[in-house]
Amino acid sequence: MDWGTLQAVLGGVNKHSTSIGKIWLTVLFIFRIMILVVAAERVWGDEQQDFVCNTLQPGCRNVCYDHFFPISHIRLWALQLIFVSTPALLVAMHVAYTRHEKKRRFRNGEKIDLEELKNEKVHIRGPLWWTYTSSIFFRIVFEAVFMYVFYYMYDGYQMPRLVKCNAWPCPNIVDCFVSRPTEKTTFTIFMLAVSGICMMLNLAELCYLVMKVCMKESRKTT
Amino acid sequence: MSWGFLRDLLSGVNKYSTGIGRIWIAVVFIFRLLVYIAAAENIWKYEHDEFECNIKQPGCENVCFDHFFPVSHIRLWALQLIMVSTPSLLVVFHVAYRENREKHHNQKLYKSPGELDGGLLCTYLISLILKTGFEIVFLVLFYKLYNGFKVPRLVKCDIRPCPNTVDCYISKPTEKMIFLYFLLATSCLCIVLNLSELSYLVFKYSIKCYLKRHIKKRQ
Numbered sequence: 001m002d003w004g005t006l007q008a009v010l011g012g013v014n015k016h017s018t019s020i021g022k023i024w025l026t027v028l029f030i031f032r033i034m035i036l037v038v039a040a041e042r043v044w045g046d047e048q049q050d051f052v053c054n055t056l057q058p059g060c061r062n063v064c065y066d067h068f069f070p071i072s073h074i075r076l077w078a079l080q081l082i083f084v085s086t087p088a089l090l091v092a093m094h095v096a097y098t099r100h101e102k103k104r105r106f107r108n109g110e111k112i113d114l115e116e117l118k119n120e121k122v123h124i125r126g127p128l129w130w131t132y133t134s135s136i137f138f139r140i141v142f143e144a145v146f147m148y149v150f151y152y153m154y155d156g157y158q159m160p161r162l163v164k165c166n167a168w169p170c171p172n173i174v175d176c177f178v179s180r181p182t183e184k185t186t187f188t189i190f191m192l193a194v195s196g197i198c199m200m201l202n203l204a205e206l207c208y209l210v211m212k213v214c215m216k217e218s219r220k221t222t
Numbered sequence: 001m002s003w004g005f006l007r008d009l010l011s012g013v014n015k016y017s018t019g020i021g022r023i024w025i026a027v028v029f030i031f032r033l034l035v036y037i038a039a040a041e042n043i044w045k046y047e048h049d050e051f052e053c054n055i056k057q058p059g060c061e062n063v064c065f066d067h068f069f070p071v072s073h074i075r076l077w078a079l080q081l082i083m084v085s086t087p088s089l090l091v092v093f094h095v096a097y098r099e100n101r102e103k104h105h106n107q108k109l110y111k112s113p114g115e116l117d118g119g120l121l122c123t124y125l126i127s128l129i130l131k132t133g134f135e136i137v138f139l140v141l142f143y144k145l146y147n148g149f150k151v152p153r154l155v156k157c158d159i160r161p162c163p164n165t166v167d168c169y170i171s172k173p174t175e176k177m178i179f180l181y182f183l184l185a186t187s188c189l190c191i192v193l194n195l196s197e198l199s200y201l202v203f204k205y206s207i208k209c210y211l212k213r214h215i216k217k218r219q
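Protein chains in written order, with full-length UniProt numbering: chain A, 1 to 222; chain B, 1 to 219.
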């Protein structure tokens, strides 16, 4: 049980997405989840062990680490991925509910082809359009919130080499050195860039859906 | 044998659940199980190695750690996930029993073995009550064992062989606290979902029962 289950669920949603939605899913899987699991986790793996402070005072390192990293980058990214993927489930639930309703009507006597029902491509119209659009809106909001939280918590996106700490029980101002700062900065900027791309894709998809409906409405009136 | 088993179990239960039940399963999968495996497990991974006391006395750190963490947060979390998912097995067993009976008697005994009525409804309601019970028990256990959901930075320890009162520092207290609050929030959400499902089912079937009796009386 790991990211594979999320991948299976999101793969199911893929069938009912627009083309931009499919591109978004691919970017999410390859450039975010895979990079997180394969590379980023290794880079942050030894973060507290290799966080070294220029003091022998026991406890100073623990306290300084906790002060400068209230919540690790890697955990924030994992949470961001989970929250950003969740709105897609709303769409999956809506499609499942629609299918369930159709099956119920079939059982009550209406003639519906079961095979066709299973393989039917669900068009994004009506209530499903609203569900899909709200899911994209929530995705954008979650991305923005997490990007802001990162910026606010770590004063930007750069990982410093040296932090100065004077939390008790450190005797005076103590120099503490972060492990692999350059590699961490590289990955942070990479994840930031990919978040930005995902946000752009979501905005484009939102505009596309809205324009599609507007054009339909204008065709109806003319 | 790992969390995959739990995932398969819950997926199996999905077929026989109500709408709220399916939302509960989604919440447990994504916001509890996935967060546990992808994020929380690693925070507590080196908790003993990184627990540091301001003393060189051998054995003092071990004794203090054991005193302040009788059962680690992460183990309680895992136990909670397992215990909370297990009552769903009752429903799976009951449906399997019904299907077996139909096979044995070689005739259709039920409208549909997975339909929530009669005995299966009782089993489902019992499983909901058990789930809610376990959630509450574990939350109370967390609260009692750790004096709330706060993780302090510093604990003072004076158990033998520590010579005097010694300062001991816990690693990553803020991160642990954030995830414990997350655990608390998702547990409460699951309790609310279970209670709403319980009330919905009780309400629906009492109305059904009442209407049946009313129609019978008229006839």
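None of these hints come from the bench; they were simulated from the model. Careful, some of the hints might be misleading.
What the hints assert, rightly or not - Keeping only pairs whose Cα atoms sit at most 30 angstroms apart, straight-line, the calculated DSS-like set for lysine-lysine is:
#	chain 1	residue 1	chain 2	residue 2
1	A	Lys102	B	Lys208
2	B	Lys204	B	Lys111
3	B	Lys212	A	Lys103
Hints versus structure:
{"no.": "1", "hint": "A/Lys102 - B/Lys208", "verdict": "holds (23 angstroms)"}
{"no.": "2", "hint": "B/Lys204 - B/Lys111", "verdict": "holds (19 angstroms)"}
{"no.": "3", "hint": "B/Lys212 - A/Lys103", "verdict": "holds (26 angstroms)"}
Figure legend: structure checked against the earlier numbered hints; every hint is met.
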